[in-house]
Amino acid sequence: MRRIGIDVGGTNTDAVLIEDGKVSGAVKAPTSEDVTTGILDALKALAATGVLKGKRIDGVMIGTTHFINAVVQRRHLTKVGALRLGMPASASLPPFCDWPEDLAEIVRGGVWMVEGGHEFDGRPFMPLDEAAIAAAAREMKARGLKSVAISAIFSPLDPSHEKRAAEIVATELPGASITCSSDLGRIGLLERENAGLLNAGLADLARDTIAAFEKSIRDSGIEAPLYITQNDGTVVEAAQARRLPVYSFASGATNSMRGGAYLSGLQDAMVIDVGGTTTDVGQLRHGFPREANSVVKVGGVRTLFRMPDLMSIGLGGGSHVSLDPLKVGPLSVGYRLLREGIAFGGRQLTTTDVAIAAGRLSLGDKAKVAHLDAATCTRVFGEAQRMVEETVDRMKTEAGDVKLIAVGGGAFLVPDKLEGVSEVVRVKHGDCANAVGAAIAQVSGECDQIFRDMARVDAIARANELAADRAVSAGADRNTLSTIETEDMPLAYLPGNALRVRVRVVGDVAAA
Amino acid sequence: MSLRDISLDDIESLAVGAWVLGTGGGGNPYLPLLNMRALYREGYRCQLMSSDDLADDDWVGTVANMGAPLVGQERLTDSLTLARAVTAMEKHIGKRFRALMSMEIGGANGVRPFMAAAHHKLPVIDSDTMGRAYPEAQMTSVAVGGLAPYPMTAVDVRGFESIVHRVPSWKWTERVGRKICVEYGSVAATCQPPRTGAEVKKWGIHGTTTKAIAIGAAVREAQRRHDDPIEAILKVEPGKLLYTGKVIDVARRATEGFLRGVVRFDGLDEWRGSAMTINFQNEWIVAWRDGQPVAMTPDLICVLDSVSGEAVGSETIRYGQRVTVIALPPPEVFLSERGLQHVGPRAFGYDLEFRSVFSS
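Protein sequence lines correspond, in order, to chains A and B.
Residues in the first sequence are numbered from 797 upward in steps of one, following my numbering.
Residues in the second sequence are numbered from 28 upward in steps of one, following my numbering.
These are computed hints drawn from the structure, not numbers from a lab.
Here the structure is a predicted model, which means the values were calculated and not measured.
Even glycine gets a Cβ: it sits at the ideal position worked out from N, Cα and C.
It is possible that some hints are incorrect.
[As the list claims (entries may be wrong)] Computed list of chain A residues with no C-beta within reach of chain B, every gap over 12 Å: (1) Asp816; (2) Gly821; (3) Glu926; (4) Arg1003; (5) Gly1061; (6) Leu1119; (7) Thr1174; (8) Ile1280.
[Said to hold, decoys possible] Derived DSSO-like pairs (lysine-lysine); straight-line CA-CA distance at most 30 Å: (9) A/Lys959 / A/Lys875; (10) B/Lys273 / A/Lys1213; (11) B/Lys273 / A/Lys1199; (12) A/Lys942 / A/Lys875; (13) A/Lys1123 / B/Lys273; (14) B/Lys229 / B/Lys118; (15) A/Lys1093 / B/Lys273; (16) B/Lys206 / B/Lys118; (17) A/Lys1224 / A/Lys1162; (18) A/Lys849 / A/Lys1011; (19) A/Lys1213 / A/Lys1224; (20) A/Lys959 / A/Lys937.
Chain B on its own, in the form it takes in the complex (with noise of 0.2 Å):
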């Protein structure tokens, strides 16, 4: 078995990947960088693990913040409190966990783990369970493979714990849940219910940290050459270049507690004269240029600034921001017909036929 040592310029370069996959929603991670930031100066250090290595009784936990962005604006983000939520989940289930694991690697969540590892002295899995951000805890390879829904438990961090005893499905641990991190003030650290070795194995989408740490850390190279920090994602990852142009809409509304809304596009250089159109849901669902559907979930849709290269979120992209649209590839597990009814266009309310931009 090998352990790979966590540098704290990984960490850095997991912040800027994160964010890309986080495909314009997952909340911004600087939060819980400066968390690991501090959490290395103390001395604190990581190591992330292959799911490969895990033997199948193994248990694993899986460690979220759930809530809106702008509340962790205030409260900020801290690390001992999901700590907590892993203590609390051990407690209530009787096992020690042999590693963490996040939900999301996707925004924020992608960094998370690390924070409570940190204190936990575990390792973190080398997967997660989107491949990028979704709004929903249904949208996951865990769900979409039918795994138990149960249990959850949720901290704040004034002292007070809630555990999600027994759901009947995903999208109820999702509704209580939410109820919960309500009541709390709109956050609340969370440990997603436990897998097995043997669960996280078949299940988890594999390679993600890894992925993210490459993307950040070709993007940050790119920033101190000076070079095309988009080109260097590209050589990274077997994306494809969309659109570039400039933002000249926004239009948001909040509905059933989600950030819904349209972004239009006005092309530059070679898209000069060229629109497009991007729908989202916290995240970026579905991409029209010039009226066709060019790209929708599960592919990864990430809007990037052109010259800095890191991701711009729904919450924040504004009017005359200049940025660059670009495909990742979706994880496989989404691909399947009962992958596309968690996280496919209809999932989200959109009478299309998924068309990977990757396809043809």
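Next comes chain A alone, as it looks inside the complex (with noise of 0.2 Å):
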């Protein structure tokens, strides 16, 4: 297998080769406002290091903060027709209702309710008023409306309302874009319809990005399949992260750990990223980040998503430093390092010119840092070890000593010595562990639903079925596939026993 992994970041484009489960080249260039450019320099970059030649790429993983920069920037959205299938229950709720009102504005093409749905066992709510459906697309025509997100109530346990009603709205408005709610997952009516009505609103821009992206591949003449990170460290086709683009929203952050699993060969351990600003800790599960199991607001908007649990400070690469009091971040030179740091002839001291004085960096000029004394340097050293130290603790979830893989660009920051941490595990490429991380992502699939009047273990192994079916139809081998996370809840107040079931299962990208 020979994968081009790529992460889009805020200042630079990465770019790496991985063949035969080795790093074989990594480049980095500046990341261009329109995106696609930088992506295609570095993969010129990439092609300039001789490591492409004459060679057969089977994919090209990229990840990206495109989406989700649309979303909190407002930009580049599409008008969507909002269709609820639950009446009469919800009606005080309507779709939109807990929206920042400058996106709703920007989002809501309007908002039909018509009955259906069904119960927490199967039973439907209300029959499908099929005819009330029709009518609602005949409006959302006449309205010029192009991209619809439909919703039921417990779609998630039954998606036939929904299904029944994006062929009436399909064959009523030919062409238009559909989001059901029940591809999206979990149950949460408003969080599950909100995930599904952001989605509508990027059908344009996910459409044009994903062709922007072919078209920078073409043009740097690889050959290969394109496939889009997601939030929890898989990847899908181009086609479908074209159809769901929310769950590529944050995939930076979760591909860098699992870059530092992948690059360090520990499955469990702590991996702390250290970039010009922030740092995020997060803990590995078999290789994968855990998630967060929480409502994620996203641009404002209550959502449920598979996200990763991370802890963030404001400690990086480019954190101003002041000596009285001692204080480092959370303030930054960002992309702007090499303009404003003192050993590149600007005027804040930055933690990377402390590195530069104390010999830990060879950059810029060291003569400019050399008022620093060695006691400085200590002194900055250890505030940062401090601020490290107590993130790990915090993200610990059990007592003993962890391991922890350091990666990104300031992960010089990181002392080989830390309380609580057995060893610091440094790897090669671990600057770039983020595109490692794209260029490894599996496939996944997942199965949260209700069974009832069933032994917990049947419960679990069919909804393992269930989830390696979705993961199959999502592009992956079978014979590779393992499960990753399992969680059961008993549901207090109904009756027979009832039991929701979370499972995932992931597998590597099947040969095409």
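Starting from two chains that each stand alone, build the complex the way the hints lay out.
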């Protein structure tokens, strides 16, 4: 297998080639305003190293913050027709009801609520009102809407009403992009519907961005399928990412952690990713970041997503340093480090300047930081160490020392000896861990469902089968599947020993 | 008589404070809060009334939702349905209510009376019957007081209306009510047995809405100022900090229609090296530190997110969460021998003599 991994970050676009399980090339290029130029430049730089010559590439995996940035910056969004199946319930809280008004103004193309949906035990809540759905679709057409988000009560348990509604809408509104909330998972109507609305709002951007990615790969002369990395450290084919862009929201931090696991060979360890402005600490379990299980706000909208559980602090290679009193971060010079750092002729003392003075880094002009004596450097590094130790400790889930994998361009701030850490693991290409994480991403399938009147083991086994089938239909090789997460929760008040089971299965991308 | 105008900002604080008083259960008040935001946008307003201002022969409707929080997350919660439960009760008993009140201030039900009150244009009494959240209908001050356990109305958003006309005890109110609720799809809007002004004055737990608003306001203010929200709660409430730590294990099981289980914590900061375990039945029931019981029902055990100060529920608490555990004083009515029979540790199956965190 030979894959190129690309991480489009705020400062740099990193690209790596992974060949037979090893990193055989790694480059950095500045991220460009239009993103695609940066990718093309990174691919050109990678080609210029000669590692690609005459080789067949099996896949290009891109991690991007493009979609989440569009939501946060309220740019490039499409107007959405919201269709909810669940009347007469939920009428007082219509779609968009808990959105920030500025974002709702941009995305809300109209709201239609009709009868339909299910009960927790699979009984229909109300019969599906097909005539009302057709009428709604005709009104959407009259308003010129081309993207539709459909949600129904308990659709993760029984998606049939959403699917039937999608058929009716597709007939009345040919060519529309349709998002069904059941494709986005979890229980919690508002949060799932919000994810669907955001997804539908990204329809045009997703189509254009994926097309641009494909073009930059083609223009660089590489012939390989494009995959997009997701929040949970897996990838999907470009076609699915185009359909479900919200799943690619937060892949950067995940890719760093996955890359750290891969480069170190450790499956269960803590990872610390020190960038220019922030440091993220997360816990690897079975080679994947442990997930945050709570509601996550994206651009002010409450959603339930698969997101890594991270703790972020304001410490990085560009962090401001003041000496009296001693303070490191959270302000940072960011991508202006090479202009504003003292060692580069600027006026802001940064952690990088201190590392240059102490001889930990050979960059810039050492003479410009010669006034920083050894005692001062020790004090600054001591403060960074204290910040790192506290964060690592807070992320620990059990007593005892852990291994800590240090990656990212600012990893020089992590000392070799740390309280509560048995070993600080440093890896070659650690500064490109995120692109490595993209290159090695796998395919996943998830099942999150309520089972009744079943023994716990049988319910978990059934959930496993469903998740495995979903992974395979998402492009995984069945022979490589493994279950990386099983969680079950009995449900208070529901009869019949109701049990909610969530299982996640991953596998390698199947060879084409 | 003085009625206090309740602003939307008060309701925002109420939602945060009621969740703290939920002691792990009662459901997150987020959806009732969204309903209140919508109602206030449409021009509805609510007022709070002291039970002192009730005449002895006034009638008061007690409002609560019953059911699985999970179903509520899908069907959401609807103010008109709650208002209908009240109307059905007024029709059944042939009286008009002077005011509405909350059955349990803890969790989502702490906000719901305001949803019904907005439509009925009635004030909400600043009292409830639990002073927190509890899992069963007999765990109330009015049950401890031996007041009539009927009638009860239960309404579904599709138009069903049921009336529990007569039952012999509060345990039967709970059993029959729950059967109806399950048939509806495990959620029902209810109007609990109606109370006279005299009954509310004698058996209500007073000032609890004001208390929830004060707790919520303290947390929200601390969040805005980036102050310690836990400290802020302890400034407005005579509580005690019991522990700071992180969750290292959660074991849950559903038995007899309840969520039971145990959460284990590992100490942080000054509690490093010290272990805590908390047993729950929807709500936090007994907290043990290094094997010794340090807090138990009816003392309020509140597990709070150490950073945000917001409550953490037993349904959603998870591995790795960093939390602070505090205790708040219990309502007086539960400290009598009869009160402890209803809600003391033995009522939940723990063979412990009740000893309050606050008795030393």
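The hints, checked one at a time:
1. Asp816: holds, 36 Å
2. Gly821: Holds, since 37 Å exceeds 12 Å.
3. Glu926: At about 19 Å from chain B, A/Glu926 clears the 12 Å cut-off, so the statement holds.
4. Arg1003: Holds, since 31 Å exceeds 12 Å.
5. Gly1061: holds, 24 Å
6. Leu1119: It holds; A/Leu1119 is separated from chain B by about 24 Å at its closest Cβ, greater than 12 Å.
7. Thr1174: Consistent with the label, A/Thr1174 stays out of reach of chain B, its closest Cβ about 26 Å off (over 12 Å).
8. Ile1280: Given a closest Cβ separation of 15 Å, the condition holds.
9. A/Lys959 / A/Lys875: Holds, at roughly 21 Å.
10. B/Lys273 / A/Lys1213: Roughly 24 Å between the alpha carbons, so the hint for B/Lys273 and A/Lys1213 holds.
11. B/Lys273 / A/Lys1199: With Cα atoms ~20 Å apart, B/Lys273 and A/Lys1199 stay inside 30 Å; holds.
12. A/Lys942 / A/Lys875: holds, 8 Å
13. A/Lys1123 / B/Lys273: Holds, at about 28 Å.
14. B/Lys229 / B/Lys118: holds, 26 Å
15. A/Lys1093 / B/Lys273: Satisfied, since the Cα-Cα distance of roughly 23 Å is no more than 30 Å.
16. B/Lys206 / B/Lys118: Roughly 23 Å separates the two Cα atoms, so the pair holds.
17. A/Lys1224 / A/Lys1162: holds, 25 Å
18. A/Lys849 / A/Lys1011: Holds. A/Lys849 to A/Lys1011 sits at ~20 Å (cutoff 30 Å).
19. A/Lys1213 / A/Lys1224: holds, 19 Å
20. A/Lys959 / A/Lys937: Roughly 19 Å between the alpha carbons, so the hint for A/Lys959 and A/Lys937 holds.
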